Amino acid sequence: MPSAALLERNRIVARGIRVRVLEHTLKNSGGYLSQACSSAEILATLYGGVMNLAPVPKPLTPRPFAGVPSAGNTNYRLGNEFNGPHQRVSDRFILSPTHYSLILYAALIETGRMDPDGLAEFNRDGSSVEMIGAEHSPGMEVMTGSLGQGLSQGIGMAFGRRLKQEPGKTWLLMSDGEFQIGMVWEAFQFMSHYGMDGIGVYVDVNRQQCDGAMSSVMGLAPLADKLASFGAEVVSVDGHDLAALHDAALTPHAGKPLVVLCETDPCREVPELRNLGGKLHYVRIKNEVERGRYEAILATLGQAVG
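Mapping of the sequence shown onto our numbering: residues 1 to 306, in sequence order.
Where hints are given, some of them may not hold.
Now the in silico label distances, taken between C-beta atoms and shown as ranges [claimed, not checked]:
#1 K164 with K27: 42 to 50 Å
#2 R293 with Q165: 49 to 57 Å
#3 G145 with Q165: 24 to 32 Å
Listed next, the in silico EDC-like pairs over lysine to aspartate or glutamate satisfying Cα-Cα at most 20 Å (straight line) [stated by the list, open to error]:
#4 K226 with E186
#5 K27 with E121
#6 K286 with E272
#7 K27 with D125
#8 K286 with D211
#9 K279 with E269
#10 K279 with E290
#11 K27 with E269
#12 K226 with E263
#13 K164 with D197
#14 K279 with D265
#15 K286 with E23
#16 K279 with E263
#17 K27 with E288
#18 K27 with E295
#19 K58 with E81
#20 K58 with D117
#21 K27 with D117
#22 K27 with E272
#23 K58 with E121
The hints are simulated quantities; they were obtained by calculation from the structure and are not laboratory data.
None of these values were measured; they are calculated from a predicted model.
Even glycine gets a Cβ: it sits at the ideal position worked out from N, Cα and C.
Please work from the sequences and hints to get the whole structure.
Set out below in structure tokens:
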């Protein structure tokens, strides 16, 4: 069981993530707000004790985009420097649904890994702080591209680390919509065959996708049973319960990948989102009345953080 101090710290981080993303949404009249509502506690938990990451000496300023990797490009840098220097024992992190990038940047700021001023570079030409993050973006080291690819890349990383006998683990954040994609299930077959237990996956089960509710497109139930049949150790938790999220990572899973299904609310702490009729993928503020409602919520959330 995590300490009360750790849980309180992670609660503050989660609230701070929502505040920053809501501020960004208001400033830009749009943003991936519902993803912050659903996944804030997950990222706060991963960065707040689950992942074994090396510290950074001070909050880092995002570098400008330095071009694609090549033999002649010595200035190229990966965004994983925000997760601390790589060590044999340190963990690695992959953000599979890259439209969650803004939420990851907010998490890096709230955990002291990224300078808050870096968020001003979001989606600017020449910046590494991209709307759809790539391998040079803060907190990332691979471009996960289309949904579903991040798990395969994580497996490759974990398999290589096993061959090198590195004890560090590879963690992923995935969205539940990615399990509609065939290559994800092929990846679980691979992990089962090779008994890969160096991977932990937290899944944001918010039941939403760009076309609305997942149940109206292609349902996944019973997802836990399907994953277990593919050889995973599966734990289902309330995705806003910080203690449960923390303890899930301690589940024994020798010879199996660990999957934590986090049941979440895509409108958590931002009830105005419930008025959008289920179209939550990318939130656009359409008028001043709506803006005023979000501003009132921001004022309440900001007071709670302070």
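Going through the hints against the structure:
no., hint, in the structure
1, K164 with K27: 42 to 50 Å, "holds (44 Å)"
2, R293 with Q165: 49 to 57 Å, "holds (55 Å)"
3, G145 with Q165: 24 to 32 Å, "holds (30 Å)"
4, K226 with E186, "holds (13 Å)"
5, K27 with E121, "holds (13 Å)"
6, K286 with E272, "holds (13 Å)"
7, K27 with D125, "holds (18 Å)"
8, K286 with D211, "holds (19 Å)"
9, K279 with E269, "holds (17 Å)"
10, K279 with E290, "holds (15 Å)"
11, K27 with E269, "holds (19 Å)"
12, K226 with E263, "holds (16 Å)"
13, K164 with D197, "holds (15 Å)"
14, K279 with D265, "holds (14 Å)"
15, K286 with E23, "holds (16 Å)"
16, K279 with E263, "holds (19 Å)"
17, K27 with E288, "holds (13 Å)"
18, K27 with E295, "holds (11 Å)"
19, K58 with E81, "holds (12 Å)"
20, K58 with D117, "holds (13 Å)"
21, K27 with D117, "holds (15 Å)"
22, K27 with E272, "holds (17 Å)"
23, K58 with E121, "holds (19 Å)"
In the structure shown, no violation is registered for any of the earlier numbered hints.
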